[in-house]
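Produce the complete structure using the sequences and hints provided.
Take a look at the letters that make up each chain.
There are 2 protein chains.
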Amino acid sequence: MRFAGSFFDGASKVFRHRPTFFKLVVILAGASTGGLVAYADSKSGLNVQSSQGTSKRKVVVLGTGWAATSFLRNLDSSLYDVKVISPRNYFAFTPLLPSVTCGTVEARSVVEPIRRIIRKLDIVSFDIVKVAADLIFSFCSSRQKVGKIKFWEAECFKIDPTSKIIHCRSTAVTNPVGTDEFVVDYDYLVIAVGAQANTFNTPGVEDNCHFLKEVEDAQRIRSSVIDCFEKACLPDLDEEDRKKYLHFVIIGGGPTGVEFAAELHDFVTEDLSKLYPSVSGLVKISVIGAGEHLLTMFDERISKFAEEKFQRDGIELKTGFKVVKVSVNDFTMKAKSTDDISVPYGMAVWSAGIGTRPVILDFMKQIGQGGRRALATDEWLRVCGCDGVYALGDCATISQRKVMEDITEIFRVADKDNSGTLTMKEIQDVLEDICIRYPQVELYLKSKHVNSILELLKDSKGDVTKEAIQVDIEEFKKALAVVDSQVKTLPATAQVAAQQGDYLARCFNKIKDCEEHPEGPLRIREAGRHQFRPFLYVYCSSHAMFCMGGHKISLA
Amino acid sequence: MRFAGSFFDGASKVFRHRPTFFKLVVILAGASTGGLVAYADSKSGLNVQSSQGTSKRKVVVLGTGWAATSFLRNLDSSLYDVKVISPRNYFAFTPLLPSVTCGTVEARSVVEPIRRIIRKLDIVSFDIVKVAADLIFSFCSSRQKVGKIKFWEAECFKIDPTSKIIHCRSTAVTNPVGTDEFVVDYDYLVIAVGAQANTFNTPGVEDNCHFLKEVEDAQRIRSSVIDCFEKACLPDLDEEDRKKYLHFVIIGGGPTGVEFAAELHDFVTEDLSKLYPSVSGLVKISVIGAGEHLLTMFDERISKFAEEKFQRDGIELKTGFKVVKVSVNDFTMKAKSTDDISVPYGMAVWSAGIGTRPVILDFMKQIGQGGRRALATDEWLRVCGCDGVYALGDCATISQRKVMEDITEIFRVADKDNSGTLTMKEIQDVLEDICIRYPQVELYLKSKHVNSILELLKDSKGDVTKEAIQVDIEEFKKALAVVDSQVKTLPATAQVAAQQGDYLARCFNKIKDCEEHPEGPLRIREAGRHQFRPFLYVYCSSHAMFCMGGHKISLA
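For the record, the sequence lines run as chains A and B.
Read left to right, the first sequence gives residues 1 to 556 (this note's numbering).
Read left to right, the second sequence gives residues 1 to 556 (this note's numbering).
Source of the hints: derived by calculation from the structure; they are not laboratory data.
Among the hints, a few may not be true.
Repeated chains share a single entry, so a pair holds when one copy, or any two copies, can fit it.
Said to hold, decoys possible - In silico lysine to any residue, SDA-like type, Cα no more than 20 angstroms apart, as pairs:
no., residue 1, residue 2
1, Lys243, Ser223
2, Lys243, Asp362
3, Lys164, Pro235
4, Lys458, Lys477
5, Lys446, Val268
6, Lys425, Cys435
7, Lys243, Ser452
8, Lys148, Asp236
9, Lys274, Pro113
10, Lys448, Val482
Now the structure itself:
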């Protein structure tokens, strides 16, 4: 799970103590310019069956990470019978994991028991009411009735979308009574299981490398670093052996690897050099990345800053190298223009990318999505080819509907008088819905430095006045031919997952209202509107901050 | 490692920051009344060979526990070439381990890296000098020259006392270069390896029970407690199954078991009941002890207090029961008058006593001490049957010389005029040395409520005036016939280990001085005096405090 920005640090502090504040912060952050949005036309929005009578719909949430906990914190749990299932009974603030590896932050400080989170949801309305009776009472009126959320520490190993059940197995390491397995049925399934480390089937990685995905990984890394130093201090070793033990290798040039390398460097320089003075001069830290640069997914300035800082700090960079094998004492890497190079090491951390969990692979096969890295959802986070199943966070990607796929229908909807041409007014009338439904349109306009689609069309028409413009279907297609080039996949970050969780919860909360008063954009293939607006990720590009070894750079 | 008293809590706090203060506290505490002391007559004190010229004697210390770190903190390392070898590279404040199990205290707070301890010894004199130049300078004058102490993280698996070498193996879990083994020679070997948990070969204990000896044990117990609660919350379980998961069993009625039971009770009552409200009422904590009471090694009032407190708290006590087998889901116990009783449990902690480490078992066989639980030393902590080897802490016991074994020689030494009888004056002249050498004498006098051995002899002589008393050898033997009944083995506690380490270090520091000016008691079989006083354990019986679940009871 990647993380960019100290914004989230501050947000999370208030997040823990005042969930309402957190929502305000997220909403305000969401109001800034730009955004990556995926839209698609589809038959229906969320399942329109709202709670009927006294029997509540069953919502089962898989996961306790950023997406799941964001969903839970924002869900009005009085409307549903909610169960949470995860092999991990706490939420982990993953951006701080590299800091846990070196003891900068204690593991205890970056985790919160899920039971405490769901318990707070039981009592938060009462707390607020106590604080300022009438005024806040009305604010909380929709949260007065709260339901008990259940948590079960178990792993879902199979999803059966036809029967709408999931198969689970307890993961607690304790002597079992009978079988550890059980089955849970659902009306709505929210899959937020995240991803696992991706070894790309590189031999030896599982056995010899550390990952950095969970708190336990961070703690193991910490022990291992100390072990390496202790081994390097033993008698009867020559200097080459000591250097081998003190060669720390990070495989992966993304944020996790880069942050860990920086933390390790500081730990060695400021702390371990005092405890191990005789060997600390032999330490070497290397970062191996397959890309041409570090942090290629970020702005070029961040990438450059990181590389220069590492060079000043004496951290060796090997960009453009792919690790092909890891053995007990050495690893083998290769660049395009080189042979295999074998390098001895003491400890290796593999943070080269995320992969799919087995339960998701199996599920994707069942629903005709085999061969993908992540579950495909529509822009309302509904799993394509499934009923009542949603997916968010690292385990899913949004399949954004393309303008050119729907261009004919868009034209038809806009052409109210069926004249076969569109006037500027006709286009204006549907423009807002188009932009909501296909956010790549706005991004395309920005990239062309025009304010409106109308200017785009005007340009193609030459000197005719705006009011006189009429475009036919071919001209319409031509003007928007490359707008879909702006479609981007959302990054697998904490911010995206948290926003998705929040969005989905708000949809669940207003199911009934939106049945009667749909709030979404115009449908393209049917009459009426979508029940909800699609998910809109708010990317705060003008406020992105990145911390590198204590330095902050602003991209204002 | 047992612990009694908050005295050590306070002492340890100042201990970490001002080692000199600590020594003062220990010395002052040692001045209180009573004490358990072991004396014996023997040919020589410490090896009288002090440092000669520029080549320093090699001192190898095995261990990083209470005894070893106390020894190191007090040793003038400038006099020796000191190496410390232990598989654990930190000192652990073991009395707080039960608090770590339930998160009352973080693991980080109860450990200190050994390298930091030995590094402080390198710089402590300079720190003090900076603070208050001349005055403290003279205080520190013997510490001005400090030597570098080496530490190697490895386990000694074989001691060869003939060749004066030890065989060691690295324990760091990292990919090895070549063999992990190495050999170290010594002039003086200080064995302070402690003890391990003793299963008494009870089947199933190793596989199914937790121990509580190390920090990792405490952390595992904590995870296991939470696992049990999570398992108990799963669906499709009947109440009996839930109760099984929530049955926490502590096997052992000593301080470790009792303190852990108390901590667990508080943890469940104050914290877990809020996170697991649906099942917290099903929790049961049982303490199984083979003795007739809990804490039989302490004062009866402490034992009674603990039992009553547990009864009030609903902790089940099973005293007089021995656990004969532990399976995955249940354990079997038996009392004298009952058959085997099988009881289901969720988690079991075994704290039923200490056992001997394999390296000590092997060593004892080599030196003719096979069949013992711990290494036998004399009262100067020298391993019997060995040259230049010392043992302290839980791995050793002092074989106290008995008065009746030496009664003839004692009489002879006291009978200066060789008259065949002893006057009161002749007895008075050697009395102090007798009491130093055989501390059971003072204890015996106390138990008889007499102030002096002279009163004891006077009683047996009837109405004769004190000055006229003369005793022959038979009367002397009769008066002291049962004095050795007061000989006690020291308990395996942190206080004993720490005092032993301190004592031994002071002996090592003044080897040269005591060659010229022996400070010990009169020798019984030879002329002159012992080089050093024997070890004297100071037991603060009038200030013993014991904390039970927040209550303190004073035995003033």
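Right, here's what the structure says about each hint:
| no. | hint | result |
| --- | --- | --- |
| 1 | Lys243 / Ser223 | within (18 angstroms within a copy, 36 angstroms between copies) |
| 2 | Lys243 / Asp362 | neither (44 angstroms within a copy, 36 angstroms between copies) |
| 3 | Lys164 / Pro235 | between (62 angstroms within a copy, 18 angstroms between copies) |
| 4 | Lys458 / Lys477 | within (14 angstroms within a copy, 125 angstroms between copies) |
| 5 | Lys446 / Val268 | neither (46 angstroms within a copy, 59 angstroms between copies) |
| 6 | Lys425 / Cys435 | within (16 angstroms within a copy, 113 angstroms between copies) |
| 7 | Lys243 / Ser452 | neither (61 angstroms within a copy, 68 angstroms between copies) |
| 8 | Lys148 / Asp236 | between (62 angstroms within a copy, 18 angstroms between copies) |
| 9 | Lys274 / Pro113 | between (36 angstroms within a copy, 12 angstroms between copies) |
| 10 | Lys448 / Val482 | within (11 angstroms within a copy, 106 angstroms between copies) |
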